[in-house]
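There are 2 protein chains.
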Amino acid sequence: MVIRDGGLVVDDVADPVPAFGQVLVRTLACGICGSDLHFLRHGQTMVDLGGDMGMPDVVDFDRDIYMGHEFACEVLEVGPDTSAMKPGSVVTSMPAMLTLDGVTNLAYNNDLPGGYSERMLLSAPLLLEVPNGLDPRHAALTEPMAVGIHAVHRSGIVAGEAALVIGCGPVGLAVVAALRLEGIEPIVAADLSPRRRELARVMGAHEVVDPAAEPAVEAWRRVDGRRRLVLFEAVGVPGMIDAVMRDAPRDSRLLVVGVCMEPDRITPFFGIGKELEIRFALAYAPDEFAGSLRSIAEGELDVAPLITGSVDLDGVPGAFEALAHPDEHAKILVEP
Amino acid sequence: MVIRDGGLVVDDVADPVPAFGQVLVRTLACGICGSDLHFLRHGQTMVDLGGDMGMPDVVDFDRDIYMGHEFACEVLEVGPDTSAMKPGSVVTSMPAMLTLDGVTNLAYNNDLPGGYSERMLLSAPLLLEVPNGLDPRHAALTEPMAVGIHAVHRSGIVAGEAALVIGCGPVGLAVVAALRLEGIEPIVAADLSPRRRELARVMGAHEVVDPAAEPAVEAWRRVDGRRRLVLFEAVGVPGMIDAVMRDAPRDSRLLVVGVCMEPDRITPFFGIGKELEIRFALAYAPDEFAGSLRSIAEGELDVAPLITGSVDLDGVPGAFEALAHPDEHAKILVEP
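Protein chains in written order, with the numbering used here: chain A, 1 to 336; chain B, 1001 to 1336.
Chain A on its own, in the form it takes in the complex (with noise of 0.2 Å):
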């Protein structure tokens, strides 16, 4: 499944070969990631803003672009004079691929086909073997669940303080759960969805609120209101990092882990008069990615409530529409 001008298209393309260093792989699940509705709408958006910020432009927006980066696989055939793991082992993998010209994505990548696909390559040196007879399904959840696990690290949050997550996605869910593992309480959960707002009870919430119905900062306060606060904006729609910094009590931090995508409007005397604080999360470091990987096969990480959905190729497009009502939703995997 490619975007190709602009929409989701299904369609054949040859098996790559793997070469040195490489593995061929069946895609055996992989979530569809809200930064991918991102890209399919903001695409070109987002390669303009790396533009400015001086990254090279590395996706051709007239050509065939593959997606898909949160999959679980089984290893099909090891490159010629690589060392990995024989076929038949059920693997996942950072979503990278290493070159001699150095790393690149493997998504958003308009030659190496991705999670979206029957087959792909893989990084032999990249690969984890998904341990203790793990559901792939769930194996696949390794790389959301990771991204929860960076922005509680980034965020600096220790024990003795208390983390506000506004937001249930699936990022929001994934910064929950990471939460509950450092053992962080109380953990306050806001979404204007119930479905969301259950679910992030069941990840670990130890407070869930509807922000429709009381401010979310109100609701911190509520259950506790003297710890120092750490609130994660996981919404990412323009207007969000403003109205934290209103709402945010004085000497707050406010770690930013939704993608907005647009400009914003911020206040900046909200941030000076509490002398707030702001950290922008992206993804993970390998070690945060492995310790997912480990948390979830050791059952401390249960990821099954958040799998909602599943489809095959041909119903990508459809999940796609699905995803854009969050009351529905929190994770769909494709099975291809």
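It cannot be assumed that every hint is accurate.
Just some of the chain B residues that point at chain A, by a computed CB distance under 10 Å [to be verified]:
1) Asp1060
2) Phe1061
3) Gly1236
4) Arg1246
5) Pro1268
6) Ile1272
7) Asp1312
Covered stretches of chain B (chain A as the covering partner; in silico rule of three or more C-beta atoms under 8 Å from a C-beta of chain A) [what the hints assert, rightly or not]:
8) 1041–1053
9) 1252–1262
In case anyone wonders, no lab produced these hints; they're calculated from the structure. A quick note: this is a predicted structure, and the numbers were derived from the prediction, not measured. The beta carbon of each residue, even a glycine, is placed where N, CA and C say it ideally should be.
Model the placement of chain B on the given structure of chain A, informed by the hints.
Leaving out everything else, chain B in the frame of chain A:
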């Protein structure tokens, strides 16, 4: 000198009488702060934004408003049953008054005269004696230098990191001096004004740059480019935070000490893509204020170059005008 009907007016009022816990002082010198210019123009907005954050509405714009919060004074009279430095002592103080209702600002106040007055009341427990026979004109810079010291502390910068100070008004120059005091190297300072760049060098910048000729971050790259960078935004006009976010290197920190009173536009994607951290700083702690006075008195901070003018009370409105043209001045002292 008060704000009356949105303008600056010099008028006579009765001398204040020191109560228990207070001293009556004669103002020897009081610096004009950019915040005063901000307040004259945006005072109602500042109070309204404070209200949005749940802060009480403390200033009545229908009454006269006193200002002046960077002062050195001579003690004239000690209130009843109050222990304090004896009359004739030269003192400074944080611009705050302890009352039975709590702490009140000594500036932007309808009732208590500030440093733009011949006489004012200070809180005896907050007095700091100006040591070493230090010129009271220099002691008046304790407050603005404390702002720089606090911004540097709040940034968390440590030896081995590089600093880029954007904007060399009094706040930026205080930051440069405080960075030098902390042993940070290199300190790169950017300002459009040649006069202010020259002052930045005098205050301790290792390199100065005209951002119209070379992007400020490029200047850091040219002189260092390896150490982790901490950027200080000391301009405080809309668009600066976004420009710094766009140009900042990956993983850098931005300390916002410039007070932008207007809504501002940022591009969250710049923060996310480079995992930036933004910290806002306001004012200082008591130990930072006392440390500032000590460093000035010990000769570690030479503030003399910052004093570019002196006026009496009748000269204040003209000085406010003059400070709107950054090429002319850094700090103008009022000597009532």
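Hint check results:
| no. | hint | in the structure |
| --- | --- | --- |
| 1 | Asp1060 | 20 Å, violated |
| 2 | Phe1061 | 18 Å, violated |
| 3 | Gly1236 | 8 Å, holds |
| 4 | Arg1246 | 6 Å, holds |
| 5 | Pro1268 | 4 Å, holds |
| 6 | Ile1272 | 5 Å, holds |
| 7 | Asp1312 | 32 Å, violated |
| 8 | 1041–1053 | holds (count 5) |
| 9 | 1252–1262 | holds (count 4) |
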